[in-house]
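Colleague: Take a look at the letters that make up each chain.
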Amino acid sequence: MNAFRDAALVAAFDLAESVRSRKFLALLVLHVLGAVVGTLLFVEVLGEFEAVVADQLGVAETYKPGTLTDELMATPEVLEVLSGMLNDEALASELITVPPLALFYGWIALFFLPALIVFTSSDAISSELSSGSARYALFRTTRLAWAVGKLGGQAGLLAILTALGAVGVWIVGAVSLAGFDHAGTAWWLARLGARAFVYGFAFLGLALGVSQMTRSVNGSRALGLVALIAIGILGGITMWNEAIEYAPVALPAIQPLFPATHRLTLWQPEFAARLPSLAMLLALGGLYFGVGHAVMVRRDA
Amino acid sequence: MSALRIKGLRKAYGSVQALRGLAIDVPKGVVCGLVGPNGAGKTTAFGIIGGVLKPDAGEVDLLGAGRFDPAVHAGRVTLLPQDCELNPHTAVEDLLVFYGRLQGLSRARAHKDASRCLELVDLADRRRMRIKQLSHGMRRRVAVAQAFVGDPELVLLDEPTSGLDPSQVIRLRELFQAQRGQRTLIISSHVLHELQATCDHVVMMEAGVCTLSGSIDEVTRIGQRVTIRIQGDAPLAALRAALPEVQIAEEPGTLVLIGPVGVSSTELNKVALRVLLDHEVPIEAVERGQSLEARWLDSRKQATEADEVA
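Residue numbers (the numbering used here), protein chains in the order written: chain A, 1 to 301; chain B, 1 to 310.
Source of the hints: derived by calculation from the structure; they are not laboratory data.
Virtual Cβ for every residue (Gly too), placed ideally from N, Cα, C.
Take the hints with a grain of salt, since some may be wrong.
[Said to hold, decoys possible] Examples of chain B residues lying across from chain A (beta carbon under 8 Å, computed): (1) P70; (2) C84; (3) Y99; (4) H111.
[Stated by the list, open to error] No more than 16 Å apart at the CA atoms, straight line, and that leaves these computed lysine to aspartate or glutamate pairs for EDC-like: (5) B:K132 with A:D300; (6) A:K64 with A:D181; (7) B:K54 with A:D181; (8) B:K112 with B:D125.
[What the hints assert, rightly or not] Ranges between beta-carbon positions, derived for each pair: (9) A:L225 with B:S162: 49 to 57 Å; (10) B:H190 with A:S216: 25 to 33 Å; (11) A:A159 with B:E59: 41 to 49 Å; (12) B:D165 with A:N2: 37 to 45 Å.
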């Protein structure tokens, strides 16, 4: 018996089983449609904004949105505003080089992925424990290999959904925006999609962790929601300046344990600057998953 | 050599004691029936043997290699769990291939074995159908098939024939009987006449303990007991004179003879029938041993009486 081989088999099986389910179809619609509708709204807002600018400059309105965007992004005023918002000039300089559509996709993915993942994956293991289908696998391999395989399968699902969302955004951009940088936007969507995946992995670990703690499907969904809210609030507290004044050592020390505290770092231009957060997010996914697994190995399957 | 040896196995669900020191010894190569009323602990025992449930106390020795450990027993011990659903979106064949590969088979061997197992349960023509498209009975047969993937040495089957039509029950009975000597089967069922026809070893359970176990001949006392159905009164004095060491009980129309160890039922038959014919008593039927059902009822009655005394 080889644990890695078994985990890979379970992951491939879980992914295939998930892709054939109605749940996947619903997720696909939710994810891709969400990205497409969101992008359409973004394009609409961009068009309105450009119309206002064109009016103020006394030039003709553009037929398609996007004509003035690159010029606007290159102005020192935008850089100044962005630097002020982020309190980081290097990061602001990086962001103004990113195609606006990719920027929008990155922002929306980092914002919505955690909830989407927790809502959709927190029953990935509990549903199999509840229906008993896990038992057919659990006398053929270890619980760890099986659970890691389930994590791998759900990670595969997350990668597919993230990629399809990015493709949807790219298509909307290509159709709706004037002067659309096809290659540049695709490259940035891929980069930001990969970062969103890593960020999402921490929440996937959380979802699969709570899924191992109970046989009840509803119980694991409720636990997932509670855990998501709890780590969101706790993460927020660790970054809240007024709270840090009360616990100047403890709060910064535990800050890395909460995924939201790594979100801004993911936009850093240098890979070396992003690496600690990327590694920490993967480790957090593993940690949350491991806590849940420690509960599962001690109980009946 | 034992395929399964259990000692002092205990398991509680909260305040409910499912197993109270269960002890079982099942020899290798037999088809063993596990008999007991609802709540006797059969499914819990299967779960512990198959490694999906955690015991509170006790020892389990599977194939001489200790308690269930996937590293040692994966592929050697298989389980048909009770009331457990199969993954609904996968094709029947793909599911069996997955299970085969998970227990260490190569892709080619797993495909070959999946086909073989589907033939065993008459589902070869449904191989590309998804589980959710199958009827309840067909799903049950797929669940039975997965327990025979690979070359398991010990197969645990919890209510394998529940929900199946009579022709499929007969088909599975033949399948189980054909395994005798090749591997050890432990079958839990409430259908006692079915088990009597299938098994050569029986374990009876009641309230989490084993109340009786042994070969089917020992349990049903086929070598010691003769039941003779007659018309009219039995010549009891003549029978007792001819069979002085034999315990003879009479109910209206029925004579039950239980011989001591060493006296075969064939011998009992020969003597008793001669006496009855000499006294011109019409004989309607002669039955060796006791049905498993009757034996189980006896066993339950004894257990209840023992409880009352205690």
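Colleague: All hints are to be evaluated individually against the structure, with a verdict given for each.
Modeller: Comparing the hints with the structure gives:
no.	hint	result
1	P70	holds, 5 Å
2	C84	holds, 3 Å
3	Y99	holds, 6 Å
4	H111	violated, 14 Å
5	B:K132 with A:D300	violated, 26 Å
6	A:K64 with A:D181	holds, 14 Å
7	B:K54 with A:D181	violated, 59 Å
8	B:K112 with B:D125	holds, 15 Å
9	A:L225 with B:S162: 49 to 57 Å	violated, 38 Å
10	B:H190 with A:S216: 25 to 33 Å	holds, 29 Å
11	A:A159 with B:E59: 41 to 49 Å	holds, 46 Å
12	B:D165 with A:N2: 37 to 45 Å	holds, 41 Å
Of the numbered hints stated above, those contradicted by the structure are hints 4, 5, 7 and 9, listed in ascending order.
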